[in-house]
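So the sequence lines, in the order shown, correspond to chains A and B.
The numbering of the first sequence is our numbering, which starts it at 3 and goes up by one.
The numbering of the second sequence is our numbering, which starts it at 3 and goes up by one.
Hint data in this document are derived by calculation from the structure and do not stem from the laboratory.
Accuracy of the hints is not assured; some may be wrong.
[As the list claims (entries may be wrong)] Capping the alpha-carbon separation at 25 Å, the derived lysine to any residue pairs in SDA-like fashion look like this:
| no. | chain 1 | residue 1 | chain 2 | residue 2 |
| --- | --- | --- | --- | --- |
| 1 | A | 488 | B | 13 |
| 2 | B | 111 | A | 608 |
| 3 | A | 111 | B | 609 |
| 4 | B | 488 | A | 225 |
| 5 | B | 13 | A | 608 |
| 6 | B | 483 | A | 228 |
| 7 | B | 483 | A | 348 |
| 8 | A | 483 | B | 488 |
| 9 | A | 488 | B | 225 |
| 10 | A | 483 | B | 88 |
| 11 | A | 483 | B | 13 |
| 12 | A | 488 | B | 233 |
If you're wondering where the values come from, they're calculated on a predicted model, not measured in any experiment.
There are 2 protein chains.
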Amino acid sequence: MNKIPNQDAFKTPTVTTGPLPASTKEYTAPKAAPDLRVPRRVIALHPTANEPDVPVYDTSGPYSDPSVTIEVEKGLPRPRTAWVLERGGVEAYEGREVKPEDNGGAKGKHLAREFPIRNKPLRGITPSAPKNLGASPPQGGEVNPSTARNKVKAGEVAGASAQVGGGSFVSAEDTRAGERLGLVTQYEFAKAGIITKEMIYVAERENIGRQEMLEGAQGRVDAGEGFGAELPAFVTPEFVRSEIARGRAIIPSNINYAELEPQIIGRNFLVKINANIGNSAVTSGVEEEVDKMVWATRWGADNVMDLSTGRNIHNTREWIIRNSPVPIGTVPIYQALEKVNGVAEDLSWEVYRDTLIEQAEQGVDYFTIHAGVRLAYIHLTAERVTGIVSRGGSIMAKWCLSHHKESFLYTHFEEICDIMRTYDVSFSLGDGLRPGSVADANDRAQFAELETLGELTQIAWHKGCQVMIEGPGHVPMHKIKVNMEKQLRECGEAPFYTLGPLTTDIAPGYDHITSGIGAAMIGWFGTAMLCYVTPKEHLGLPDRDDVKVGVITYKLAAHAADLAKGHPAAQVRDDALSRARFEFRWEDQFNLSLDPETARDFHDQTLPKEAHKVAHFCSMCGPKFCSMKITQDVRDYADGLSDNEKAALGLDAKKGMAEMSDKFKELGGEIYLSEDGSVREDID
Amino acid sequence: MNKIPNQDAFKTPTVTTGPLPASTKEYTAPKAAPDLRVPRRVIALHPTANEPDVPVYDTSGPYSDPSVTIEVEKGLPRPRTAWVLERGGVEAYEGREVKPEDNGGAKGKHLAREFPIRNKPLRGITPSAPKNLGASPPQGGEVNPSTARNKVKAGEVAGASAQVGGGSFVSAEDTRAGERLGLVTQYEFAKAGIITKEMIYVAERENIGRQEMLEGAQGRVDAGEGFGAELPAFVTPEFVRSEIARGRAIIPSNINYAELEPQIIGRNFLVKINANIGNSAVTSGVEEEVDKMVWATRWGADNVMDLSTGRNIHNTREWIIRNSPVPIGTVPIYQALEKVNGVAEDLSWEVYRDTLIEQAEQGVDYFTIHAGVRLAYIHLTAERVTGIVSRGGSIMAKWCLSHHKESFLYTHFEEICDIMRTYDVSFSLGDGLRPGSVADANDRAQFAELETLGELTQIAWHKGCQVMIEGPGHVPMHKIKVNMEKQLRECGEAPFYTLGPLTTDIAPGYDHITSGIGAAMIGWFGTAMLCYVTPKEHLGLPDRDDVKVGVITYKLAAHAADLAKGHPAAQVRDDALSRARFEFRWEDQFNLSLDPETARDFHDQTLPKEAHKVAHFCSMCGPKFCSMKITQDVRDYADGLSDNEKAALGLDAKKGMAEMSDKFKELGGEIYLSEDGSVREDID
C-alpha cells in the first residue's frame, strides 16, 4: 500500500449510479461454471403488453445495481483474480515502482492522488508461448489436444464449429492447465483446446435474448446478410474458444484486471463499441475522466480507451481501471512521449518497454501499437491532403525520419509480444497512416500499413497473443467495403476495430453522424468493434454530454449492423419497442429505447402531462390524424363486420382480418399484382 | 385583394436573415438565358489558404442576401410569372373563393390572418396533355420534334444525352411554344424537345463547383460507384430536358409559384433533401411555421413540405408559399379530412378535388397522393407489427373499408392528373403502406403498393405530369438496396423520394441518425431526394432546433451520397475543409462546414480565446501531441535534410518529399509490400 501524497488536489470522483428506467439488474449462472454471475438488464413492460419483459446486454457494471454499495476509493470487487489463479501458470511479484515521470513529473498540488490500494501484479511464469501453438492460418490449425496433454473433460461443442477439435473446460477442480501447459493468454488456452471462465462468461453474455428467440418469435428472425460471418443460433463456450483459437475473436482481459466483466470482440458476435476518454495537456482532470468512464458504460460502451496525455497519466489510469467494469485500452506511446518531455526524437525502446510493463501491471487490456508505420511508408503520405492524422503514427514517423531508422516498434515487435503475452494484453495494431480526409482514403500509405499489420498479426499469434486491427478513419461510402475485405484477407480474419469511418469531411459538429453512417456500414460488413466519434470530434474534448451522444450513436450503429447481419436475437428489442409504439404504450417505448431519458424528455416537451403517457395519439398528428389509431380502427371495423359485409369485401366471414392475410396475399397476387412489374390492362 | 379579417390573432412572422459566416451571395447569369439570376453562396477563405474561395449550392433564397429588404407581409418577388406568361398556354382567372372550411372553420381570434396580397391564379388553357406525348418508356421515346412543330433554335446538347432529340430553348423572343403547342408542364415541354427557363436555371445551379473542378483539381475526382446513375461532367440545359423527358427528373414548379428558385430532383443530379414542417391540432402556429420554413432553407433544405393539420391550414400555407424560395409540397388528404371534420368515412372525391384545386391555385409544387393504397392491399397489413403508419394511407384504408370500395384516389386518378397538369403540380406518389418498423420492411403490402405506383406513374406521364415516388420508412440495412432496385424497375426510373429509411427502431430521440444512415445509403444507391427525420420523430413536433439538426443531418447524408456516387464537384468542399483543418485555419474550417455556428461553438467550449483560432493545435491533443503539427514537422524536416542525409533515407537528394512519393511507392512495393497478403520471409 502506498502513501497518499496529496489529499487536497483530488476529490473522490462522483459517479452516476442506480438502475435505468424500469430496469432490473439480473445475473445468470452459466451451466458450465455456475459460480459465475453474468449480468443482464431486464426492462419491465407494462402489464397490458402481454409479452415477456425484455432482457438486454448490460455494460454498466455494478453501478446500475442498487444492491451494490459503490466506493470509488476502494474500486470494484476483483473476482477474476481467483479465475486466473485457479488455472495457474502465473505468479504475483513486487512489480515496477511508480516513478515521478509516470505522472509527467507532476508535483505538489498538481499531482493527482494515487489510488489508495495497490495490488501486487501477476505475470505469466513461462517466458514465451508453448512452441506448438504456431501461427494460426485462417481455417483451423488447432493444437492437437493430445499434444497439449490436456486431460480435462470434454466441453460443449457447438454445431457451428464441429470441425474444430473438442474444447475442454478448465476449472480449479479438474485441472491447472495454465500451470501444467505454461499457458497465459486466452489465445493460448483456446489453441490448447481449453475453455476458460472468461469464455464461458462471454458465451452466456452473448446469448441474451437468443433463448427467448429460439422459444418464441423466431418466425420474425431475418437471415440477414453477413458477408461471410458465421453467426451461430446459440453461442456455446466451445464456439467462443474456437473463434479465439482461429484468431477471429479476442477477449481483452489482462490477468491484472480482476474487476473486469469480460466481453468478446469478433465478427461472429455482437458488434461492440469503444468510447475514448482521457484528459489532455489543455483540459480535464482525473475525477472527470472516472466519471466519464462510468457514464460511458452506463449508456452502453463495451470498451473504453484512456487516451490521456499530459500529466498524471499513471494515476488517472489507475483510478479508471480499478473502477471500470469494461476493458480499458491505451496507446502507450502517448505516455512514453510524456516521459521524454514530448520530444519524439528522444523516444527509445527502453522508455517504451518500461511503459508497456507499467501499464500491463496496472491491468490495461489492450494496447494500440503503431508498429505498421514503417520508415518506407512515411513518404507515401507526402502528397496527402491531411498527411498523418494519427497521433501515434505521426510520433513514430517523426522518430523514424529523425533517426534515419526503422521504427523501434517494428524492430522490437517480438519483444513487445513477449511482454504483452506475459499479462495477456491484447494487441490493437494501430493504423497510424489512416486517412484523415476522404481525399486520402484507401491510398497506398494506408494499405501498405495494413499489409504490414497482417504480417505482424501472424507474429503476435505465433507469440501467443490476442490481436485486433485498427481501421480508418475518413472513407467515402463507396470505398468502405474494400477496407473490410482487405483487412479480413491481410490479417487472417483478426477482428477489425474501426474509427467510424467518417463518410464526409464537411460536417464538424456532426461527426458522430458522418461517422455513424460509415460505422453502421462497416459493422455490417464485418467490423467487430466500432470506436465512437463524438460531436466534438476535430473541435474539442468531449464532455459528459458528448460522451453520451457518441455512445448512443454508436450503439444504434452497432445494433443496425447486428440487425443487418442477422444476429438471431437482435430484432427482439426493435419488435418490442415497435409494438409498444403501435399500442401507445409510451412508457414502454421510452424504457425500451437506448436513451429513455431523452425519449421521455422529447415527448414531454410537447405533451408534458402524465395523462398523455397513456394517450392514444401524440403531438405530431393529434388524435384525428393518428395513423396508428386509424389502423386499429380499421382492424376493429373489419372484425365487427357482418358476414355479408365481409363477403362484400372479399373477407372470409368466419375469420378475422389477421387470419385473412394469407388468403389476401393469394387473392391480391391473382387480381392486382404483377410480379414482373408490367402494366396491367385493368388499370388504364 | 382581400380584407384582413383579424389583425390581432396574427403577428408578422419574424425570420432569420443575413449571410452565413464569411459568405457572400452571388448570382450568375446562364449563357442560355442571361436574364436569369441563379444564386450561389461563396465562402471566403483566409488569404493564407492560397486557394480560391469555395462556391456552394444555396437554398436560402433572398433571406441571406443583405442587399434585399425582407418584408414577410409582401412575400418574395415573383419573377417566374413572366417566365410562365412568355411561353404562353396559360390564363389568369378569378380562382376558387376561400371558404371557411379551408381554415377548418376557425373564427375570430382563432382564425389566422390571411396573407395580405392575393394574386389571380394561372391555369393551363388546354384541357389535357398533347396526345402525342404518350407514356414514356424508360429509354428515350421522345416526341418527334417535327411533330411538335417547334421552330425554335437548337439548344445546347449534352454529350451524355446525345441519343435524345435536339433540345430547343424557348423564350418570349423566339417562340410561344406553350401557347402554340398547348404545353403546360415541364414534362410536356421536355417531351416536346423544348428547354424552359426553369431547366436553364437548374442546370446552372447544379454546375456549381464543376467548372472549378474541370479547370483545376480534377486529379482528385473519384469515379465513385453510381449503381447505374449517369452523371455528366457538366450539366447542360439539354441534359436537364432529356432527363425530365425520360421521367428521370422533375422540377417541382407550379405555374402559380412565382417566388420559386427552381431546383431539380433526379438520380443524375445532386441528391436533394426535404424538410417537413407544419402545425398540428395540438400545437404550433402560423408564425412558427413560416419561421421554420425560412430556417430550414437557411441550413440547406431543398424542399419543404407543409404537413399542417388542424385549423388555419389554408392561411398558414399561403404565408409559407408567398415567402418560400424552395418548392412546397403538401398532402392534400390532410386538409380534405379537416373539411369533413376528421371523419374519414365522410371523405369524397368532390371534397378532395376541391382541395386539390384550392392548393394548386395557391402554388403548391407537389402533392403526396396515396393512390396506391388499394382496397385489396389493406389486408396485407393485418399481421404487421405496426400496421399502417402513413397518415394518408391509414385515412384511405379506413375510407376503403368503410365504403367497401376501391380508393377514390385510384378510381379518379386520371382526373387528378388533369388537375395537376393544369397547374404543373408534380406527383409525389405516396407510400401509404410503408413499413413503420424493421419487422414490416419489404413486405408484400409495401411492394404491392409500389407496383401500383409504377402503374400510376405511366398514367401520370401519359397525362403530361411530372412524377416522383415516395419510399420507406423503416428498413434494416440489408433490405435497403432492393427497395431502390425495385423502385427503379417498377416506376420507370421516376425519382425516388424516401423517408430515411430508419435502420433500427430502438433509438427514439436519435432517429435523425438511425434514418441518416439509411438515407445516406439509399441516396448513394439512387434516391433523388431524402425526406429528413428530426430528433423528435415518434416523440413530438420538431421545434426550430430540431429542424436545424434534421436538415444538417440530411445535408451531410445527401453529400455523403453525392461523394459515393462520384458527383464531379462534390469533393471540392471536403478537400477545402480538410486542407483548412490540416493547416489549422480554424476560421476556414468553421466557415466551410455545414453548420459554422455549431462548429465554432464546440471549439470555443474548450479554447475560447481568439488567439486559439490561429493556434496550431487544439484541445483534443494539445501542442505536443498534435499529429498534424508533427506531420508538418516531418515534412519540414525532410525538406531540410542534407543530400547525404536524404540519401541515407533513400530520398532523392534533388527532390523534396512530395516528389518522392512515386519513387517510394515503387520502393515500398518491392521491398516491403506483399500484394497477395502472404507473409514475407524478411519480417520474421
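Hint-by-hint comparison with the structure:
Taking the CA atoms of residue 488 of chain A and residue 13 of chain B, the gap is about 61 Å. The hint is violated against a cut of 25 Å. Distance check on the hinted pair: residue 111 of chain B and residue 608 of chain A sit about 23 Å apart at the alpha-carbon level, within 25 Å; holds. Restraint check for residue 111 of chain A and residue 609 of chain B: the C-alpha separation of about 24 Å stays at or below 25 Å, so the hint holds. Straight-line distance between C-alpha atoms of residue 488 of chain B and residue 225 of chain A comes to about 20 Å, which keeps the hinted pair within the 25 Å bound.
A C-alpha spacing of about 22 Å is found between residue 13 of chain B and residue 608 of chain A, which places the hinted pair at or below 25 Å, so the restraint holds. A C-alpha spacing of about 15 Å is found between residue 483 of chain B and residue 228 of chain A, which places the hinted pair at or below 25 Å, so the restraint holds. As the CA atoms of residue 483 of chain B and residue 348 of chain A are separated by approximately 53 Å, the hinted pair breaks the 25 Å bound. Between residue 483 of chain A and residue 488 of chain B the CA atoms are separated by roughly 23 Å; this keeps the pair inside 25 Å, and the hint holds.
Straight-line distance between C-alpha atoms of residue 488 of chain A and residue 225 of chain B comes to about 20 Å, which keeps the hinted pair within the 25 Å bound. For the hint pairing residue 483 of chain A with residue 88 of chain B, the CA-to-CA distance comes to about 52 Å; that exceeds 25 Å, so the pair is violated. Under the criterion of a C-alpha separation no larger than 25 Å, the hint pairing residue 483 of chain A with residue 13 of chain B is inconsistent with the structure, at around 53 Å. Simply put, residue 488 of chain A and residue 233 of chain B have alpha-carbon atoms about 29 Å apart, too far for the 25 Å limit, and the pair is violated.
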